[in-house]
Amino acid sequence: MINQITDSETSRFADDSCFFNYGCSLDVILRRMQDSLNKLRQWCDINGFKILVETTVAVLFTHLRDDINSRLKIYR
1 MINQITDSET SRFADDSCFF NYGCSLDVIL RRMQDSLNKL RQWCDINGFK ILVETTVAVL
61 FTHLRDDINS RLKIYR
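With the working numbering, letter number 57 in the sequence shown gets 57, and the count goes up by one each step, no holes.
What the hints contain is simulated information worked out from the structure, not anything from laboratory work.
Be aware that a few hints might be false.
What the hints assert, rightly or not - Straight-line distance between alpha carbons at most 27 Å, and here's what the computed DSS-like set of lysine-lysine pairs gives:
1) K50 with K73
2) K39 with K73
3) K50 with K39
Construct the complete structure from the given sequences, taking the supplied hints into account.
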């Protein structure tokens, strides 16, 4: 189900999910990830699920130094 929600690559285990996005442009990667988060939130709202923001994290693997935590939002 989750892999049909977004265009991101996904990995799932039990009740945990992980979205993967990669590319050359950080702005494009973040836009794709935000789109995936928005679609996931909409799906959760429709199906009666809640995302626990307190346990949700974003991890950026890059050689660049950039703070993405303030740029990705689940509930605005």
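These are the hints, each one checked on the structure:
1. For the given pair, K50 sits about 14 Å from K73 by alpha-carbon distance, which is consistent with the 27 Å threshold.
2. A distance of roughly 12 Å separates the Cα atoms of K39 and K73; the hinted pair therefore holds under the 27 Å criterion.
3. The hinted pair formed by K50 and K39 meets the criterion: a straight-line CA distance of about 13 Å does not exceed 27 Å.
The structure fails none of the hints (numbered hints given earlier).
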